[in-house]
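Listed here are the chains, written in short residue letters.
Protein chains: 2
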Amino acid sequence: MTVISPSTTKDLYPTRSGEKTEILDRRGPIAFGSAEQGPLDAATLQHYDDKGYLTIDELITPNELETFRAELHRLANDPTIKDDDATIVEAKSNEVRSIFDIHRSNEIFRKIANDPRVIARAEQLLGSEVYIHQSRINYKPGFVGKEFSWHSDFETWHAEDGMPEPRAVSLSLSLTDNYSFNGPLMIMPGSHQRYISCVGGTPEDNYKKSLVMQGAGTPDPQTLSDFADEYGIDVLEGPAGGAVMFDSNCMHASNGNVTPYSRSNIFIVYNSVENTCVEPFAAPKPRPEFAGSTDFTPAGS
Amino acid sequence: MTVISPSTTKDLYPTRSGEKTEILDRRGPIAFGSAEQGPLDAATLQHYDDKGYLTIDELITPNELETFRAELHRLANDPTIKDDDATIVEAKSNEVRSIFDIHRSNEIFRKIANDPRVIARAEQLLGSEVYIHQSRINYKPGFVGKEFSWHSDFETWHAEDGMPEPRAVSLSLSLTDNYSFNGPLMIMPGSHQRYISCVGGTPEDNYKKSLVMQGAGTPDPQTLSDFADEYGIDVLEGPAGGAVMFDSNCMHASNGNVTPYSRSNIFIVYNSVENTCVEPFAAPKPRPEFAGSTDFTPAGS
Numbered sequence: 251m252t253v254i255s256p257s258t259t260k261d262l263y264p265t266r267s268g269e270k271t272e273i274l275d276r277r278g279p280i281a282f283g284s285a286e287q288g289p290l291d292a293a294t295l296q297h298y299d300d301k302g303y304l305t306i307d308e309l310i311t312p313n314e315l316e317t318f319r320a321e322l323h324r325l326a327n328d329p330t331i332k333d334d335d336a337t338i339v340e341a342k343s344n345e346v347r348s349i350f351d352i353h354r355s356n357e358i359f360r361k362i363a364n365d366p367r368v369i370a371r372a373e374q375l376l377g378s379e380v381y382i383h384q385s386r387i388n389y390k391p392g393f394v395g396k397e398f399s400w401h402s403d404f405e406t407w408h409a410e411d412g413m414p415e416p417r418a419v420s421l422s423l424s425l426t427d428n429y430s431f432n433g434p435l436m437i438m439p440g441s442h443q444r445y446i447s448c449v450g451g452t453p454e455d456n457y458k459k460s461l462v463m464q465g466a467g468t469p470d471p472q473t474l475s476d477f478a479d480e481y482g483i484d485v486l487e488g489p490a491g492g493a494v495m496f497d498s499n500c501m502h503a504s505n506g507n508v509t510p511y512s513r514s515n516i517f518i519v520y521n522s523v524e525n526t527c528v529e530p531f532a533a534p535k536p537r538p539e540f541a542g543s544t545d546f547t548p549a550g551s
Numbered sequence: 251m252t253v254i255s256p257s258t259t260k261d262l263y264p265t266r267s268g269e270k271t272e273i274l275d276r277r278g279p280i281a282f283g284s285a286e287q288g289p290l291d292a293a294t295l296q297h298y299d300d301k302g303y304l305t306i307d308e309l310i311t312p313n314e315l316e317t318f319r320a321e322l323h324r325l326a327n328d329p330t331i332k333d334d335d336a337t338i339v340e341a342k343s344n345e346v347r348s349i350f351d352i353h354r355s356n357e358i359f360r361k362i363a364n365d366p367r368v369i370a371r372a373e374q375l376l377g378s379e380v381y382i383h384q385s386r387i388n389y390k391p392g393f394v395g396k397e398f399s400w401h402s403d404f405e406t407w408h409a410e411d412g413m414p415e416p417r418a419v420s421l422s423l424s425l426t427d428n429y430s431f432n433g434p435l436m437i438m439p440g441s442h443q444r445y446i447s448c449v450g451g452t453p454e455d456n457y458k459k460s461l462v463m464q465g466a467g468t469p470d471p472q473t474l475s476d477f478a479d480e481y482g483i484d485v486l487e488g489p490a491g492g493a494v495m496f497d498s499n500c501m502h503a504s505n506g507n508v509t510p511y512s513r514s515n516i517f518i519v520y521n522s523v524e525n526t527c528v529e530p531f532a533a534p535k536p537r538p539e540f541a542g543s544t545d546f547t548p549a550g551s
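As given, the protein sequences belong to chains A and B, one line each in that order. Each residue of the first sequence is one higher than the one before, counting from 251 in our numbering. Each residue of the second sequence is one higher than the one before, counting from 251 in our numbering.
Looking at chain A on its own, in the form it has when it is part of the complex:
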């Protein structure tokens, strides 16, 4: 456990302070590492640089997939898990939406979060050792799965968790097939190259609402329309067992899901150990440990 440093760090990505949306260029490299380091090849690194994400067709074996899915179902039906603070429940349907901190609370997911297949890619992308900033299971149940509006994760992590720079990557490991119709991840490819400084402040304990439905840190409709016209929208379909790794500043969203096919994934955020969190840049206090970890111990070690 590392103590949070006082926030003397310069705020390179101001947000939630002004009355007008501002668009800043993103600084520094996106993919830090080179193809020689492996395992990601040059074309994949270039795609990540240009589009802000990469896809992996089969990250885990069919046996692992079966184990993970069984664990997913077990957790969703465990009443002590449902009552835990780190579990987020849908406002209307009372169904489990997310279970946070699974890389610390669950042995099966601790292992995959520290697995060399994942860590090597994250280290190559971020150009350093990495630690886990946040982890969760996301459930998008069939029929009632809710949407998530457009946002940059980095904007929230910067404002509310004190992450200095967008030198972090998210892994979304699919435990169900992603079809165009069951509310898959949508990314505006290229949007990670610009940072949208949002208006307004951050209400106290904003995370209690924002993990269910965003408010603060959501860009205005006109800016989002301009971004969509400029960058387009990629719909990330793909089979269970595959994964997406995407830059922390990608503008992304997902629609709701009225189909019978649930959409569930394991979501793990790796941050560079050279980019550890300080005091929040635009919130009265940091979010709880399950949303933004202060344990900066390198993963996989």
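Careful, some of the hints might be misleading.
Computed footprint of chain B on chain A; a stretch qualifies when at least three of its residues, placed anywhere within it, have a C-beta under 8 Å from a C-beta of chain B [to be verified]:
#	region
1	383-397
2	498-510
Pairs of lysine to aspartate or glutamate, EDC-like flavour, derived with a Cα cap of 20 Å [unchecked claim]:
#	chain 1	residue 1	chain 2	residue 2
3	A	270	A	470
4	A	535	A	335
5	B	342	A	340
6	B	260	B	415
7	B	260	B	524
8	B	332	B	345
9	A	270	A	476
10	A	342	B	340
11	B	342	A	470
12	A	342	B	470
13	B	535	B	545
14	B	535	B	454
Examples of chain A residues toward chain B, derived with CB under 10 Å [claimed, not checked]:
#	residue
15	400
16	429
17	430
18	433
19	436
20	471
21	472
22	474
23	477
24	479
No wet-lab data here; the hints were simulated from the structure. In this text, a Cβ means the ideal position worked out from N, Cα and C, and glycines have one as well.
Dock chain B against chain A, hints included.
Quick look at chain B alone, frame taken from chain A:
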């Protein structure tokens, strides 16, 4: 204006009466007409028979599209239209969701609803003259557009409007591009061949709720899952100016829309003049005239 006949018509498609979902085979032909009659060719008719729908790449000219879109925007911003009973407003956002009866209230849409390009196809599919059972503009605004759960239109029209048999076809004319990501029409292809008899009754004035969010007449999740596994889900993408015609008993739905791209269409229901409505089969009284017309005058005449 024709007086509704007393309901001595045999109920071939009972629904909302039992305590258990039942699945009945659909009776009679699906595409009634032959390719010789035109304008639909043999392959298109076969597709309609098998899948329950057909698509038209370009039903209207670019000039017409422009005119229709301008009229759409004008109506959405007319306060007298918003206050009208035939206008359905989103519960949460207070945005206009649908404007009904546009084939009677609006000259531009009266014309297209009676246009030979449409009527000839509807007559060929239904094997008789046709009349307009219902018409509406559907708006699915960007960012806040809401989903529509799985349902068969015929189940509602039978239960609440007294339509004897599924000898009706819906035209959905796209006024905006349909992408996989902005909440397009989804159809379970082949599902029109079986009728799901739903449980429960119909609350009085059910239409006031059901036009915003269905309750009565919605199949149970297990039946929908079985149907999806058996038939699959077709996502109907396509450019503005194109159209879909689909059988009244197709199981269909659409997801919400968090993208900036609105999705709007003109929706017109043609019923065979040999299948005119009688008393409702499973509701205390018929829906208002704007939802189920009692003017059985042949369209296009």
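>> Run the distance test for residue 270(A) versus residue 476(A): straight-line Cα separation, threshold 20 Å.
In response: 15 Å, holds
>> Check the hint pairing residue 535(B) with residue 545(B) against an upper bound of 20 Å on the C-alpha distance.
In response: 17 Å, holds
> With a cut-off of 10 Å, does the beta carbon of residue 436(A) approach a beta carbon of chain B closely enough for the hint to hold?
Replying inline: 6 Å, holds
> Is residue 342(A) close enough to residue 340(B), meaning Cα to Cα at most 20 Å?
Replying inline: Holds, at about 17 Å.
> Are the Cα positions of residue 342(B) and residue 340(A) separated by 20 Å at most?
Replying inline: Holds - the C-alpha atoms of residue 340(A) and residue 342(B) are around 17 Å apart, at most 20 Å.
> Given residue 430(A) was flagged as interface, is its beta-carbon under 10 Å from a beta-carbon of chain B?
Replying inline: Nearest chain B Cβ about 4 Å off; hint holds.
>> Tell me if the straight-line CA distance from residue 332(B) to residue 345(B) falls inside 20 Å.
In response: Measuring from Cα to Cα gives roughly 9 Å; hence the hint holds.
>> Please verify whether residue 260(B) and residue 524(B) have alpha carbons no more than 20 Å apart.
In response: 15 Å, holds
> Does residue 479(A) meet its interface restraint, that is, does its C-beta lie within less than 10 Å of any C-beta in chain B?
Replying inline: Holds. Min distance 8 Å.
> Can the restraint linking residue 535(A) and residue 335(A) be considered satisfied, given a maximum Cα separation of 20 Å?
Replying inline: 17 Å, holds
> Taking 20 Å as the top limit, are the C-alpha atoms of residue 270(A) and residue 470(A) close enough?
Replying inline: 9 Å, holds
>> Run the distance test for residue 342(A) versus residue 470(B): straight-line Cα separation, threshold 20 Å.
In response: 19 Å, holds
When the structure is compared with the earlier hints, no violation turns up for any of them.
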